[in-house]
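Engineer: Listed below are the residues making up each chain.
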Amino acid sequence: MAEPNVVLNNPVVAGVTREQELIAAVQRGQNELFYELVRPYERRVYAAAMAILRNEADAEDVAQEAMLKALTNLRQFRAEARFSTWLIQITVNEALMRRRRERTSKMEAIDERRNNEDEGEYTPRDFADWREIPSEALERKEVRQKLAEALASLDRKYREVFVLRDMEQLNIQETAEALGISVASVKTRLLRARLMLRDLLAGGWEQGWFSRLPFEKGSKPW
Amino acid sequence: MVNGEDSGKAANCEQVWQEISNYIEGDVDADLRAAMDQHFRACRKCASVLAGTENVIRLYRDERMIEVPAGFGRRLERRLAQDGRARGRGWSTWSAWLVPVAALLLIAGGVRWASSLTVAHPLQSEHAQPGKNIPPDMVVVVTDGAKEFHRPGCDVIHNKETARTMTAKEAIREGYVPCVKCMRKYLQIASGERDSSESEIEADAEAGGDVRRGSGR
Numbered sequence: 001m002a003e004p005n006v007v008l009n010n011p012v013v014a015g016v017t018r019e020q021e022l023i024a025a026v027q028r029g030q031n032e033l034f035y036e037l038v039r040p041y042e043r044r045v046y047a048a049a050m051a052i053l054r055n056e057a058d059a060e061d062v063a064q065e066a067m068l069k070a071l072t073n074l075r076q077f078r079a080e081a082r083f084s085t086w087l088i089q090i091t092v093n094e095a096l097m098r099r100r101r102e103r104t105s106k107m108e109a110i111d112e113r114r115n116n117e118d119e120g121e122y123t124p125r126d127f128a129d130w131r132e133i134p135s136e137a138l139e140r141k142e143v144r145q146k147l148a149e150a151l152a153s154l155d156r157k158y159r160e161v162f163v164l165r166d167m168e169q170l171n172i173q174e175t176a177e178a179l180g181i182s183v184a185s186v187k188t189r190l191l192r193a194r195l196m197l198r199d200l201l202a203g204g205w206e207q208g209w210f211s212r213l214p215f216e217k218g219s220k221p222w
Numbered sequence: 001m002v003n004g005e006d007s008g009k010a011a012n013c014e015q016v017w018q019e020i021s022n023y024i025e026g027d028v029d030a031d032l033r034a035a036m037d038q039h040f041r042a043c044r045k046c047a048s049v050l051a052g053t054e055n056v057i058r059l060y061r062d063e064r065m066i067e068v069p070a071g072f073g074r075r076l077e078r079r080l081a082q083d084g085r086a087r088g089r090g091w092s093t094w095s096a097w098l099v100p101v102a103a104l105l106l107i108a109g110g111v112r113w114a115s116s117l118t119v120a121h122p123l124q125s126e127h128a129q130p131g132k133n134i135p136p137d138m139v140v141v142v143t144d145g146a147k148e149f150h151r152p153g154c155d156v157i158h159n160k161e162t163a164r165t166m167t168a169k170e171a172i173r174e175g176y177v178p179c180v181k182c183m184r185k186y187l188q189i190a191s192g193e194r195d196s197s198e199s200e201i202e203a204d205a206e207a208g209g210d211v212r213r214g215s216g217r
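Residue numbers (the working numbering), protein chains in the order written: chain A, 1 to 222; chain B, 1 to 217.
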């Protein structure tokens, strides 16, 4: 008969993931393992900072600072939360602080004015049959570039919500908490962001952005 | 305004557009979902909106959509190795306090002893220090016509339109000197008098980087 502690000490049996092991090890002071812990999320951390700051150098610096802050505060991390979500929330907070610090009051005023506009309903503009852009198309740099440009063209409030919900995969509640806005605002902005991106990319068909994509016959989703 | 192509019993186009995001989230009740499902079967336009919106989400969710600057991971790893060594240490046992407490006592005792023998050292210009503790791979900003290099976001960067980034190591090699404002914590460490604490950095950040210059620390 196996002794109970044999079961508890076996990571596989106890369901302990490598991530949980790394978190525990760093919490015990093995800081050298921290990079291994955050490495799977480093790109997402950068993307979150970039969505808010829109400047590569600032985003990279904030990503590094956020990681250091996460290391400092790792002992406060609670196991019931997702580590990646916790990391993204720290990053968003750091990026928002950086932006607040850097913006002049004039810029803030302009931003606030824009932010109070367009909260109403959005009507889709393009009703042509949507030709699906397959995920393989993302292998092409020009396609990624067009998608990135479409995202960058959105107003800040829509872009931030879309990035956190749809790219970083925070849930609606987590997105609201990270940005300090209401759940209702997240839903409204998310709807608008998604529909605007769809319209922008539908326009891409007409302009030939995706015309050389390798579509298979009958791949239409409708 | 779009005329509804719906069956009449189901939701109309405007309702569908306003709820389409919640529909994708699974955040609509069963009745509305059934009504929308029925509408999508009957209305080609709204089916197109749904297909396109789902496609948009699927594309942007793909990790390939995230582009990071070349060398990002390597620089992050170095920064964590350099700045992260002393951070977040588990102060879980009382003995872990002994080392810094003993160090503080030694420093305090040493300073008192030194000041009893002689006058305080003359203040050194922070500019005179090369900032040897600045992480060499830290991303810094330089601009034309200025001698200092800065951390991105420093509010005393002049001539910003000419700003370009490089590593601290490259900036030092090219003859730039660290900005006394944004690089302050590294200059303080370099002076060997005391370490900069996390709370101090935070205080600077909260105060909008308002530092007291020439305080002679």
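A hint or two may mislead.
[Said to hold, decoys possible] Examples of chain B residues lying across from chain A (beta carbon under 10 Å, computed):
| no. | residue |
| --- | --- |
| 1 | 42 |
| 2 | 46 |
| 3 | 47 |
| 4 | 55 |
| 5 | 63 |
| 6 | 68 |
| 7 | 69 |
| 8 | 81 |
| 9 | 152 |
| 10 | 155 |
| 11 | 170 |
| 12 | 180 |
| 13 | 181 |
| 14 | 185 |
[Unchecked claim] Within a straight-line C-alpha distance of at most 16 Å, the following computed EDC-like cross-link-like pairs (lysine to aspartate or glutamate) qualify:
| no. | chain 1 | residue 1 | chain 2 | residue 2 |
| --- | --- | --- | --- | --- |
| 15 | A | 141 | B | 62 |
| 16 | B | 45 | A | 42 |
| 17 | A | 187 | B | 27 |
| 18 | A | 69 | B | 77 |
| 19 | B | 160 | B | 170 |
| 20 | A | 69 | A | 42 |
| 21 | B | 147 | B | 174 |
| 22 | B | 185 | B | 19 |
| 23 | A | 146 | B | 83 |
| 24 | A | 187 | B | 62 |
| 25 | A | 141 | B | 19 |
| 26 | A | 69 | A | 56 |
| 27 | B | 45 | B | 19 |
| 28 | B | 45 | A | 129 |
| 29 | B | 160 | A | 56 |
| 30 | A | 187 | A | 121 |
| 31 | A | 146 | B | 67 |
| 32 | A | 69 | B | 83 |
| 33 | B | 45 | A | 132 |
[Stated by the list, open to error] Beta-carbon label-pair distances, calculated as ranges:
| no. | chain 1 | residue 1 | chain 2 | residue 2 | range |
| --- | --- | --- | --- | --- | --- |
| 34 | A | 141 | B | 82 | 41 to 51 Å |
| 35 | A | 128 | B | 25 | 34 to 44 Å |
| 36 | A | 180 | B | 26 | 17 to 27 Å |
| 37 | B | 144 | A | 18 | 40 to 50 Å |
| 38 | A | 128 | B | 145 | 22 to 32 Å |
Think of the hints as simulated: they come from the structure by calculation, not from any bench. Ideal Cβ placement from N, Cα and C applies to all residues, glycine included.
Engineer: Now, for every hint given, state plainly whether the structure supports it.
Structural biologist: Okay, the hints, checked on the actual structure:
no.: 1; hint: 42; in the structure: 12 Å, violated
no.: 2; hint: 46; in the structure: 8 Å, holds
no.: 3; hint: 47; in the structure: 5 Å, holds
no.: 4; hint: 55; in the structure: 5 Å, holds
no.: 5; hint: 63; in the structure: 7 Å, holds
no.: 6; hint: 68; in the structure: 5 Å, holds
no.: 7; hint: 69; in the structure: 6 Å, holds
no.: 8; hint: 81; in the structure: 7 Å, holds
no.: 9; hint: 152; in the structure: 4 Å, holds
no.: 10; hint: 155; in the structure: 7 Å, holds
no.: 11; hint: 170; in the structure: 14 Å, violated
no.: 12; hint: 180; in the structure: 18 Å, violated
no.: 13; hint: 181; in the structure: 13 Å, violated
no.: 14; hint: 185; in the structure: 12 Å, violated
no.: 15; hint: 141(A) / 62(B); in the structure: 14 Å, holds
no.: 16; hint: 45(B) / 42(A); in the structure: 39 Å, violated
no.: 17; hint: 187(A) / 27(B); in the structure: 10 Å, holds
no.: 18; hint: 69(A) / 77(B); in the structure: 14 Å, holds
no.: 19; hint: 160(B) / 170(B); in the structure: 19 Å, violated
no.: 20; hint: 69(A) / 42(A); in the structure: 14 Å, holds
no.: 21; hint: 147(B) / 174(B); in the structure: 10 Å, holds
no.: 22; hint: 185(B) / 19(B); in the structure: 51 Å, violated
no.: 23; hint: 146(A) / 83(B); in the structure: 37 Å, violated
no.: 24; hint: 187(A) / 62(B); in the structure: 21 Å, violated
no.: 25; hint: 141(A) / 19(B); in the structure: 33 Å, violated
no.: 26; hint: 69(A) / 56(A); in the structure: 20 Å, violated
no.: 27; hint: 45(B) / 19(B); in the structure: 15 Å, holds
no.: 28; hint: 45(B) / 129(A); in the structure: 7 Å, holds
no.: 29; hint: 160(B) / 56(A); in the structure: 14 Å, holds
no.: 30; hint: 187(A) / 121(A); in the structure: 12 Å, holds
no.: 31; hint: 146(A) / 67(B); in the structure: 13 Å, holds
no.: 32; hint: 69(A) / 83(B); in the structure: 11 Å, holds
no.: 33; hint: 45(B) / 132(A); in the structure: 15 Å, holds
no.: 34; hint: 141(A) / 82(B): 41 to 51 Å; in the structure: 33 Å, violated
no.: 35; hint: 128(A) / 25(B): 34 to 44 Å; in the structure: 25 Å, violated
no.: 36; hint: 180(A) / 26(B): 17 to 27 Å; in the structure: 25 Å, holds
no.: 37; hint: 144(B) / 18(A): 40 to 50 Å; in the structure: 48 Å, holds
no.: 38; hint: 128(A) / 145(B): 22 to 32 Å; in the structure: 52 Å, violated
In the structure shown, a violation is registered for the earlier hints numbered 1, 11, 12, 13, 14, 16, 19, 22, 23, 24, 25, 26, 34, 35 and 38, in ascending order.
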